[in-house]
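Undergrad: Letter by letter, the chains look like this.
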Amino acid sequence: EDKVVQSPLSLVVHEGDTVTLNCSYEVTNFRSLLWYKQEKKAPTFLFMLTSSGIEKKSGRLSSILDKKELFSILNITATQTGDSAVYLCAVVTNRDDKIIFGKGTRLHILP
Amino acid sequence: NAGVTQTPKFQVLKTGQSMTLQCAQDMNHNSMYWYRQDPGMGLRLIYYSASEGTTDKGEVPNGYNVSRLNKREFSLRLESAAPSQTSVYFCASRARGYNEQFFGPGTRLTVL
Numbered sequence: 001e002d003k004v005v006q007s008p009l010s011l012v013v014h015e016g017d018t019v020t021l022n023c024s025y026e027v028t029n030f031r032s033l034l035w036y037k038q039e040k041k042a043p044t045f046l047f048m049l050t051s052s053g054i055e056k057k058s059g060r061l062s063s064i065l066d067k068k069e070l071f072s073i074l075n076i077t078a079t080q081t082g083d084s085a086v087y088l089c090a091v092v093t094n095r096d097d098k099i100i101f102g103k104g105t106r107l108h109i110l111p
Numbered sequence: 001n002a003g004v005t006q007t008p009k010f011q012v013l014k015t016g017q018s019m020t021l022q023c024a025q026d027m028n029h030n031s032m033y034w035y036r037q038d039p040g041m042g043l044r045l046i047y048y049s050a051s052e053g054t055t056d057k058g059e060v061p062n063g064y065n066v067s068r069l070n071k072r073e074f075s076l077r078l079e080s081a082a083p084s085q086t087s088v089y090f091c092a093s094r095a096r097g098y099n100e101q102f103f104g105p106g107t108r109l110t111v112l
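Going line by line, the protein sequences match chains A and B. For the first sequence, position 47 matches number 47 in my numbering, and the numbering has no gaps at all. For the second sequence, position 61 matches number 61 in my numbering, and the numbering has no gaps at all.
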């Protein structure tokens with residue numbers, strides 16, 4: 001059975017800290033891995049990763065994929081209170097068009 | 001473009017009542033999805049439709065039915081609502097060959 005596991009499930013840090021969120025997966029016919037940020041409403045897209053070892057970066061956020069070890073990490077440096085959100089990891093498969101989500105990591109940044 | 005729209009935004013039902021959640025997208029996407037999100041559970045796939053005229057079960061299909069009325073619209077029906085179906089429901093769509101999903105704003109459903 002395909003599955004996506006995120007850790008930790010929740011994390012509380014102080015503003016300015018650096019955090020690393022983890023996503024591991026076991027799927028057949030892997031196509032890509034997606035990261036989303038969800039605040040109070042619908043998820044918003046952050047990154048798509050398809051190739052191992054190539055870092056995607058957007059401001060203070062970056063992500064990398066390891067297709068051999070079947071995981072991805074999302075790094076946030078110099079965190080701000082606006083980074084408080086649930087971060088979702090999802091895997092897209094080539095088979096039957098499904099997208100499998102992890103349970104998310106709830107990140108809370110203390111001022 | 002409105003993107004993905006969902007109606008209603010909020011709904012309260014009594015146990016046993018039925019209702020249909022509506023979803024429409026104007027991006028000409030082939031694939032559409034219905035998810036439910038409960039606290040601490042992430043997004044769980046209820047049903048999805050890879051193209052007009054086809055629908056498939058996801059992780060948690062029991063208690064729901066769907067209709068892909070045309071390419072734009074994908075509705076989710078609860079025939080006999082139960083308190084366990086209290087949740088936030090998201091509709092999403094995706095273009096064939098692309099990875100990113102676009103989400104609607106969600107429907108918050110409470111079943112008493």
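Treat the hints as calculated values from the structure; they're not laboratory data. Treat each hint with caution, since some may be false.
Calculated lysine-lysine pairs in the DSS-like style (CA-CA distance at most 27 Å, straight line) [as the list claims (entries may be wrong)]:
| id | chain 1 | residue 1 | chain 2 | residue 2 |
| --- | --- | --- | --- | --- |
| 1 | B | LYS57 | A | LYS98 |
| 2 | A | LYS3 | B | LYS14 |
| 3 | B | LYS71 | A | LYS56 |
| 4 | B | LYS9 | A | LYS56 |
| 5 | B | LYS71 | A | LYS41 |
| 6 | B | LYS9 | A | LYS37 |
| 7 | A | LYS98 | B | LYS14 |
| 8 | A | LYS41 | B | LYS9 |
| 9 | B | LYS57 | A | LYS37 |
| 10 | A | LYS57 | B | LYS9 |
Quick caveat, the model's predicted, so the values are computed rather than measured.
Undergrad: Taking the hints in turn, state whether each one holds.
TA: Quick rundown of the hints versus the structure:
no.: 1; hint: LYS57/B with LYS98/A; result: 10 Å, holds
no.: 2; hint: LYS3/A with LYS14/B; result: 34 Å, violated
no.: 3; hint: LYS71/B with LYS56/A; result: 33 Å, violated
no.: 4; hint: LYS9/B with LYS56/A; result: 34 Å, violated
no.: 5; hint: LYS71/B with LYS41/A; result: 25 Å, holds
no.: 6; hint: LYS9/B with LYS37/A; result: 21 Å, holds
no.: 7; hint: LYS98/A with LYS14/B; result: 32 Å, violated
no.: 8; hint: LYS41/A with LYS9/B; result: 11 Å, holds
no.: 9; hint: LYS57/B with LYS37/A; result: 26 Å, holds
no.: 10; hint: LYS57/A with LYS9/B; result: 34 Å, violated
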